[in-house]
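**Student:** Respectively, the protein sequence lines represent chains A and B. So that you can map any letter, position 266 of the first sequence is 1142 in my numbering, and since no number is skipped, the others follow by simple counting. So that you can map any letter, position 8 of the second sequence is 14 in my numbering, and since no number is skipped, the others follow by simple counting.
Note that these hints are calculated values from the structure, not bench results. In this text, a Cβ means the ideal position worked out from N, Cα and C, and glycines have one as well. Be a bit skeptical, because a hint or two may be false.
Now the stretches of chain B that chain A is said to cover, found in silico as 3 or more residues with beta-carbon under 8 Å [what the hints assert, rightly or not]:
1) 28–36
2) 117–126
Partner residues aside, some chain A positions facing chain B, computed with beta carbon under 10 Å [as the list claims (entries may be wrong)]:
3) Gly954
4) Pro958
5) Leu962
6) Ala1112
7) Trp1215
8) Asn1229
Mimicking BS3-like on lysine-lysine, the simulated pairs with C-alpha atoms at most 30 Å apart in a straight line are [unchecked claim]:
9) Lys1225(A) with Lys100(B)
10) Lys100(B) with Lys1056(A)
11) Lys100(B) with Lys1231(A)
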Amino acid sequence: MSTVSLSTEQAPPISVPLRFFAVAPLFLVLAALIGIMGDGIADTHTPALLAATHCITLGFIGMIMFGAMQQILPVVIGSPMPSSRLVAWFSLLPLIFGTLSLSGGFLLGNSALLHLASLLLGLAFLVFIAASLVSLARAAARNTTATAILLSVLALTAAVALGLVLAQGYASGWQLNYPKLAAAHISLALGGWVMLLIVGVSYQVVPMFQLTPTYPKWLSVGLAPALFSALLLNLAADYFEIHTLGFFAVCLFCLCAISFALVTLKLQFQRRRSVPDATLNFFRLGMISLLCAALCAMVVLFAPAHEYFRQLSIVIFILGFALSVIHGMLYKIIPFLVWFHLFRGGVKKGVPNMKEVIPEHWMWRHLWLHMATLLAALLAFFWDTATWLLILGLSLQGVVLSFAIFTGIMVYRRTYQRLAKV
Amino acid sequence: MNTIAEFMSTDHRACDLTFATAEQAALTNSLSKAETAFETFRQNMQRHFRMEEEVLFPALLDAGGPGGPVQVMRMEHAQMNELIELMAAAVANKNTQEYSGLSETLLIVMQQHNLKEEQILYPIADRILAAELESLFSRMQAIQ
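Based on the sequences and whatever the hints tell you, model everything.
**Tutor:** Here it is as structure tokens:
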């Protein structure tokens, strides 16, 4: 192991993760604004819904994951990303402008914007993936978390490559099998990148930070490879058109996801700490959503006539699972970063503790707002007016989260300046 | 116990348990219980720090283990001790709100510290101190 991997400098400067966190909520607002132009969420292929979805997946989820990985890797695998500031700039800026161009390209049907988006997003992900792989290669810890993160980065690489092919194809009018490629792109991005990353980090975060028993060994060792194999089998089945294999692969994936959600909920039920915690409730909501998303995907498998369950599954996965877990994580990580970077400065008196950074009642209000948004998203499948509630909920969430993050940054700045004078 | 990782991780979990009991007592305003529970937690933590700082870390360094990480772990112990002292003051002043914020902070500091030890430092210790495990265990157990 290299001695630098646990040095004091292993944590990136506070500005690195915070700049990603500060930008990301704006994309939730943008997604909501674009949603006004669309007509509901039941059909993924309208330009407005494609644009809005990518604002959420790239602009919000991707943005937060880019920032959080810089912070989390040194702790969970003992290896920071190289050149954190440089990686931050070369992934943040192209991700912002790439997502904007992509959404603009979809909305306006503009080829030049789609070409530009491919270039910028290609650069953002190239930098991020390369930095993640270097960090993984240097990792002191070879544990189940490192394996899951590696598999998630591999899935991300394939998802991005397919995304680039799709964008270039749309822009240049190539004759491609778009539904098939899009299905592979979605399964690798959500089932691969997002799912595996959350699984890998949960192995350590849930038992330690929520004071629960540890995950059973069969699950922490077997789950990530099983999920990844199911994804590969599904891709092969789709490519070679072997329907039985596809059926088996989706079943395997859903059963793995269901086991993960149920085991996590059970562990959280057995936690030793009984203090009410908004973060924990966000995480629980995420697990319940994952369970529902997997069940919806299985309905399509056994009753192919109910095609809209596929779309329902994707919506629940993104808004219910990914967003809930991310919100919960942000409300822990931001107060911790503010405290950590102030407390290690030497002057301890007057450093706010974690509960003095973002007001707790704010987190609880966001949790209720998030649940209402999720409910509106489900209703929107059957009742058009609910689409407006979804748009309202999503934009309010962007504002609430921006306020929380801005508050964290201001508390840091004010305290830092005050301490500097002491 | 066969490894340092198991031995020390078990002690981490034991500290976690007293942490949760102390927090519960402090936040439910059962004052006499809070003081006793907090004292147990503080003693457990100090015993754990001493096992590392007086036995494990010196043995690790003597066997040519990595100095940088050990230094970081010592610094984090100092950070946690400062938080624990602030918590002691909050218990003495019966300031529930202050205790709750400090306790939340300590939990994160403590767990990210434990993660680094359990994932990285203890496995290294197991590799380079394999020959003297028994003597290390008995020396650590002797610490009160």
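**Student:** State for each hint whether it applies.
**Tutor:** Hint-by-hint comparison with the structure:
1. 28–36: Held - the segment 28–36 of chain B has 3 residues with a Cβ nearer than 8 Å to chain A, which meets the minimum of three.
2. 117–126: Three-residue rule met by the segment 117–126 of chain B, so holds; n is 7.
3. Gly954: holds, 4 Å
4. Pro958: Constraint on Pro958(A) not satisfied, violated at 17 Å.
5. Leu962: violated, 23 Å
6. Ala1112: With a minimum Cβ separation of about 34 Å from chain B (threshold 10 Å), the hint on Ala1112(A) is violated.
7. Trp1215: holds, 6 Å
8. Asn1229: holds, 4 Å
9. Lys1225(A) with Lys100(B): It holds: about 19 Å lies between the C-alpha atoms, which stays within 30 Å.
10. Lys100(B) with Lys1056(A): Outside the cut-off at roughly 63 Å; violated.
11. Lys100(B) with Lys1231(A): OK: Lys100(B) and Lys1231(A) at ~17 Å, within 30 Å.
Consistency with the previously given hints fails for numbers 4, 5, 6 and 10, ordered from lowest to highest.
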